[in-house]
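Read top to bottom, the protein sequences are chains A and B.
Residues in the first sequence are numbered from 2 upward in steps of one, following the working numbering.
Residues in the second sequence are numbered from 1292 upward in steps of one, following the working numbering.
Since the hints were derived computationally from the structure, they do not count as laboratory data.
What you are looking at is a predicted structure, and each value in this text was computed from that prediction instead of being measured.
Treat the hints with caution; some may be incorrect.
[Said to hold, decoys possible] A few chain B residues that don't get close to chain A, going by computed Cβ distances all over 12 Å:
| id | residue |
| --- | --- |
| 1 | 1301 |
| 2 | 1331 |
| 3 | 1382 |
| 4 | 1388 |
| 5 | 1399 |
| 6 | 1530 |
[Stated by the list, open to error] In silico DSS-like cross-links for lysine-lysine, where the CA-CA straight-line distance does not exceed 30 Å:
| id | chain 1 | residue 1 | chain 2 | residue 2 |
| --- | --- | --- | --- | --- |
| 7 | B | 1404 | B | 1511 |
| 8 | A | 21 | B | 1478 |
| 9 | B | 1453 | A | 21 |
| 10 | A | 45 | A | 21 |
| 11 | B | 1478 | B | 1404 |
| 12 | B | 1311 | B | 1404 |
| 13 | B | 1348 | B | 1311 |
| 14 | B | 1478 | A | 45 |
| 15 | B | 1478 | B | 1311 |
Glycine residues also receive a C-beta, built at the ideal position from the N, C-alpha and C atoms.
For reference, the chains in residue letters:
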Amino acid sequence: MIFLRYLGSSSLEVLQALGKLAFFVFSVFPALPYSVWRFRLLLKQIYFTGVLSLPIILTAGLFVGMVLGLQGHNILTSFNAEEAVGTMTALSLIRELGPVVAALLFAGRAGSALTAEVGLMKSTEQLSALEMMAVDPMKFVVAPRLLACIITLPMLAMIFIAMGIFGGYLVAVGWLGLDEGAFWAHMNDQVDWHEDVINGLIKAIAFAVLIAIISLYQGYESVPTSEGVSRATTRTVVHASLGVLGLDFILTALMFT
Amino acid sequence: MPTDCLIEIQNLTFYRGERKIFDDLSLTIPRGQVTAIMGPSGTGKTTLLKLIAGQLKPHAGRILVEGQDVHQLSRTALYQLRQRMGMLFQTGALLTDLTVFENVAFPLREHFKLAEPLLRTLVLMKLEAVGLRGAFDLMPAELSGGMARRVALARASVLDPKMVFYDEPFVGQDPITMGVLVDLIRKLNTSLDLSSILVSHDVNEVLSIADFACVLSEGKIVAQGTAQDLLNSDSEYVRQFIQGLPDGPVPLHYPVKPWADEWSTP
Ligand SMILES: Nc1ncnc2c1ncn2[C@@H]1O[C@H](COP(=O)(O)OP(=O)(O)OP(=O)(O)O)[C@@H](O)[C@H]1O
Ligand SMILES: [Mg+2]
């Protein structure tokens, strides 16, 4: 009996949360155009979410690319196809690793910060104060942050990919002595603009929307105490990371089959 | 007694979870006067202000502000109404990433296009009135609690609202500042033709400026009238509250179960 009651109440809770989330999404999107207009606010958020995420994206991109170069070389040599290292590195980065790893890092670095910031604004009554001054927090707080994520994450993913390819090049050509011409020529041949690059970008944009919505919603609906905000921040990282991986599977299935 | 009413609360009932905060409460707040709302801590004074401002929804009853039912208004109409309201939050609620100056300028920048020199003069005047013109470029984190509340007071009045809600404006102020604030609230009320709603525990200060006062307890109005009425009240309850006696009918405690139950249930 108790189990059944627990089941019932927890599924009701989930439904209620979904309803709130839907309501949240429906009130943010109409507010988005206003944030383009509030250029200074937007710029500041782009700086916070984008520019400050650069170091971690650059370093991670380089290492992931170097590992890809190394592993690719090892595996492809056994098929006598080591010229394909460039292609392999580029394709895996552009199609999957670039958008996905950049998004995971972004969720940890920028998403958690957004949740904590908005949650603190809520617990210090700043959101209430905005409402009382007849300023919609959706337009002033939430929308600029969402838009900033949509702008920055695709760029960060592209930077991650470029860094990764450079890392692969360093290892394969610089260290393992692969022919430089072969590395680039193969890559140029095999990577398709529309099929690969555009699809990668679409993924990055989808992840940006997902991460921003989850982190802003968690902050906005957090329990306004220090514990509530810290839990919300943890939930953001967990939900956003799992969400990115799940969404990646769906998008891959749609794009590459 | 009120002739012209600004806010009319009719049969308000409001719950926080299981707990009934307001129980069929009715109250009229007059226009153009200073109305004080008093009551023991945790009776729901802040909650009442939030209900009036439309931030919380009542479970039953209506609240009319200037004749409009606050909770039936469209979002746009509600926001227009709020431009005519100023609220001083109990915690100050300053925007932490803006300076003191920008905090006070914020409502002006959002709602009006003013030339920068005019805006500057206006904001500095408001800050001067609360004695903080020199602190204009500090960040909220660099202010003391009392200073933050004074900045919030400047911000609440910067749009020249028609009504201002003060939630505990005197907490954390030294006696001199307190006197200045009491004066300021009174002066704002007469010179700008405002209506002020003042929530506070400081019985003496409140009764010195309030034209009309009411005492809340356990979801009901237990007494209302002019300051004189309350001071001369023969209700034991009001006397206890005003004189601050520990013993009497006013419950100090949050509702509890009897001590005996505390031991019998695991
Ligand atoms: N967000 C909330 N969730 C649940 N209960 C709340 C919440 N906010 C306030 N309460 C409860 O509502 C009651 C009234 O709170 P309120 O803040 O209005 O009191 P108050 O009269 O302003 O007290 P004080 O003078 O101490 O500020 C309190 O007993 C509190 O327990
Ligand atoms: Mg209060």
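Results for each hint:
no. : hint               : in the structure
1   : 1301               : holds, 23 Å
2   : 1331               : holds, 22 Å
3   : 1382               : violated, 5 Å
4   : 1388               : violated, 9 Å
5   : 1399               : violated, 10 Å
6   : 1530               : holds, 34 Å
7   : B:1404 with B:1511 : violated, 44 Å
8   : A:21 with B:1478   : violated, 44 Å
9   : B:1453 with A:21   : violated, 34 Å
10  : A:45 with A:21     : holds, 28 Å
11  : B:1478 with B:1404 : holds, 27 Å
12  : B:1311 with B:1404 : violated, 44 Å
13  : B:1348 with B:1311 : holds, 14 Å
14  : B:1478 with A:45   : violated, 40 Å
15  : B:1478 with B:1311 : violated, 37 Å
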